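Spelled out, the chains give:
Protein chains: 2
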Amino acid sequence: MKAEIIAVGSELLTPDRMDTNSLFLTAQLNRLGIEVTRKTVASDDFNSLRDAFAGAMDRVELIIASGGLGPTEDDRTREAVADLLGRKLTRSDAVMGAIEERFRRLGRAMSEKNARQAMVPEGATVLENARGTAPGLWLETGGRIVILLPGPPHELKAMFSAQVESRIARLSTGVRLVARELRVAGMGESDVDQRIAPIYTRHSNVQTTILAAPGEIQIHLRTWTSDVPAAEQLLQQIQESIVLALGESVFTVAGESMEEVVARELTLHHATIATAESCTGGLLAERLTRISGSSAYFLGGVVSYSNALKSAWVDVPAEIIETRGAVSAEVAVALADGIRRRTGATLGVGITGVAGPTGGTPEKPVGTVHVAIADASGSKERGVSYPGERDRIRWQASQTALDLVRRYFLYAAQPKPGAKG
Amino acid sequence: MKAEIIAVGSELLTPDRMDTNSLFLTAQLNRLGIEVTRKTVASDDFNSLRDAFAGAMDRVELIIASGGLGPTEDDRTREAVADLLGRKLTRSDAVMGAIEERFRRLGRAMSEKNARQAMVPEGATVLENARGTAPGLWLETGGRIVILLPGPPHELKAMFSAQVESRIARLSTGVRLVARELRVAGMGESDVDQRIAPIYTRHSNVQTTILAAPGEIQIHLRTWTSDVPAAEQLLQQIQESIVLALGESVFTVAGESMEEVVARELTLHHATIATAESCTGGLLAERLTRISGSSAYFLGGVVSYSNALKSAWVDVPAEIIETRGAVSAEVAVALADGIRRRTGATLGVGITGVAGPTGGTPEKPVGTVHVAIADASGSKERGVSYPGERDRIRWQASQTALDLVRRYFLYAAQPKPGAKG
Chain A
0 MKAEIIAVGS ELLTPDRMDT NSLFLTAQLN RLGIEVTRKT VASDDFNSLR
50 DAFAGAMDRV ELIIASGGLG PTEDDRTREA VADLLGRKLT RSDAVMGAIE
100 ERFRRLGRAM SEKNARQAMV PEGATVLENA RGTAPGLWLE TGGRIVILLP
150 GPPHELKAMF SAQVESRIAR LSTGVRLVAR ELRVAGMGES DVDQRIAPIY
200 TRHSNVQTTI LAAPGEIQIH LRTWTSDVPA AEQLLQQIQE SIVLALGESV
250 FTVAGESMEE VVARELTLHH ATIATAESCT GGLLAERLTR ISGSSAYFLG
300 GVVSYSNALK SAWVDVPAEI IETRGAVSAE VAVALADGIR RRTGATLGVG
350 ITGVAGPTGG TPEKPVGTVH VAIADASGSK ERGVSYPGER DRIRWQASQT
400 ALDLVRRYFL YAAQPKPGAK G
Chain B
0 MKAEIIAVGS ELLTPDRMDT NSLFLTAQLN RLGIEVTRKT VASDDFNSLR
50 DAFAGAMDRV ELIIASGGLG PTEDDRTREA VADLLGRKLT RSDAVMGAIE
100 ERFRRLGRAM SEKNARQAMV PEGATVLENA RGTAPGLWLE TGGRIVILLP
150 GPPHELKAMF SAQVESRIAR LSTGVRLVAR ELRVAGMGES DVDQRIAPIY
200 TRHSNVQTTI LAAPGEIQIH LRTWTSDVPA AEQLLQQIQE SIVLALGESV
250 FTVAGESMEE VVARELTLHH ATIATAESCT GGLLAERLTR ISGSSAYFLG
300 GVVSYSNALK SAWVDVPAEI IETRGAVSAE VAVALADGIR RRTGATLGVG
350 ITGVAGPTGG TPEKPVGTVH VAIADASGSK ERGVSYPGER DRIRWQASQT
400 ALDLVRRYFL YAAQPKPGAK G
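Listed in order, the protein sequences are those of chains A and B. Numbering that gives the first Met the number 0 puts the first residue of the first sequence at 0, with every later residue one more than the last. Numbering that gives the first Met the number 0 puts the first residue of the second sequence at 0, with every later residue one more than the last.
I should point out that these hints are in silico values taken from the structure, not numbers from a laboratory. Treat each hint with caution, since some may be false.
Claimed, not checked - To give a feel for the contact side, a few chain B residues facing chain A, derived at Cβ under 10 angstroms:
#1 I4
#2 P14
#3 T19
#4 L22
#5 G32
#6 E34
#7 T39
#8 T208
#9 A270
#10 A273
#11 C278
#12 V301
#13 S305
#14 L308
#15 K309
#16 A354
Please read all numbers here as calculations on a predicted model, not as lab measurements. All residues carry an ideal CB built from backbone N, CA and C; glycine is no exception.
Construct all of the structure, not just a fragment, from the sequences and the given hints.
As structure tokens, this is what we get:
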């Protein structure tokens, strides 16, 4: 079965706001074996809306729309769809009662306008809204299903999970999407593609997409199937071949973020970590502490922007800063080792660099970054040069630091004599 | 003039990727006086693509598409549009030469496939691609203009600015968009709406949108006009009325981020700042250092996750932690004052709280946060309770901290006797 998603709302046609509901809806529909073949963002204009629904109904069996169910005169999704399907709108006493009850519970006066939300097209199934006043609607007509959901994401998600998912599952044809996501750090997109193209081009029934995100390359494998076990086995086999081709640059085969992977390794090895950052300004600590439960392994960190604080807080010798410069391999190592000693953590991480756009020199241009990790027995440093803007340079520097930590545990767990770091 | 935007690419119909080019294109078109009335994400399928362009050409005079101009067989935008317009595709020697030249310059071998990118529909104007191999195309037919741009954002943006913008400006009808964006911190969406509805409802020719983002409410004022000075004056007047109604909760009338506003205040007042964070894990320091040139005012920060480091790094007395708890007003003030003393900054900021999802207690549930600022003469503390998930709680805590800093300078600049803090 194929579906289209329509996001309704003139505010979604400005530079300031975008439709994100469709990502959630696509993930849910894919899981139910339904492919999304088009997405439309339509304005609140009645004729434009009606035209958007008419087009979608010409093309697919399932149309899911979000937004335009509110109480104001701008909210015209109900009217446009009812008009298109030739259904009368009548006031539902049950819906009206539910809206009144909600306002009573919140102790607020109901506005006249909210009565509009009780208008239901003939023959429609009302989908109760546990988190707001606008009910959803489920309409069937000539082999087509049209589902209207409220725009606010928390209302839409709750309604989909509680009332739409099981209804759609019942219609399901048995075709399912089987997908994997591998992520790679420390390699470029074309390099990844060159190494794995011989693998994925052998499987034309598996859709392979390679996406470049800051600091990582994502490899998506997707296949639609009615034989899930066979598809799982095929993807497993492709996944193993890719891991063989790319080696330890693959940091997840389950679509995890780098910080999730690092959090797991730290936990598994009962290790603790502390950070000393300069150009990343706290981003590394912030990423490490995004993970719930991070207080088990993250002891603390410093952002030592000034040279004086690099010495005062993590004992970076002033003469190293003077002779090698604040952005140098030596300072990165001193930061990593200093924060480790100060906190007693298993691992210390240090980052120093030029995030730009100012501050670059001919020897150390914008994008020059040094990252180091240190444990009780030594340190490892990596000097890199990133292209791009300030935020991208900072992100990539934090990614390289996390990747150094990940690779550290790779060897801690499975020592390989003679392997390159 | 009205426009539609078509984003081409099956990967944009998965849960993993979304079209962001349309935000840039919308901003540019709006500036040129062109309203975007629909956005479509279409798959790479030939018929589906052709149908998407046909629909758009029925509705508007200007269609801008991104993507599907690459060298692979999946890239079919050229063919679909040529077929729809009844134009033959012929190989352009000029384009072929440019592609060959690019590969020579990069020292790489050109693939056979790249020859596809030299295919140009009859009568089309070729738009040179300074940053990639896929040229753009400008087609005119029966009063309609179709512009095809490459998908990679840095290629699309460069091509639009260099070659599309001036061409579109020449077609312009003189109608322009005049817009303002105000942002508000420390108030809820419905509270903002209630106070300003009497203002904006008086001006039906100005489109007002109120959007809730984490930690702030955004008020967008937009109006299409052929008399820009009059519209500017009207928006100025509405803006002033809104600022009067909402007071100092308005932190920008120019769509700036909170960290940009705080950076400006710190710079204006020649002040320096340092941070001591617990639950936000470095997010506050990271936001302060997003701004280029932040080393002028940001001295440094600590992320003291453990209680021991709160005492060792910023001298929070252990007995305060013991008697009041790590999450308390007293500890927030001690963090702020301690980091100020340790760094010699004008202002110290402290944050402590329970970001969740675990760690909450009946007295201090998830979402409980204490934020404080301190200068040489005293401190100010704010205890808050945020709803939502870990990342939202952390963001709102950092926003409240930045807002405290902003309000500090509000009074520093314009002392108002008896004003409430």
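Worksheet item: Which of the numbered hints are not met once you compare them with the structure shown?
Response: 5, 9
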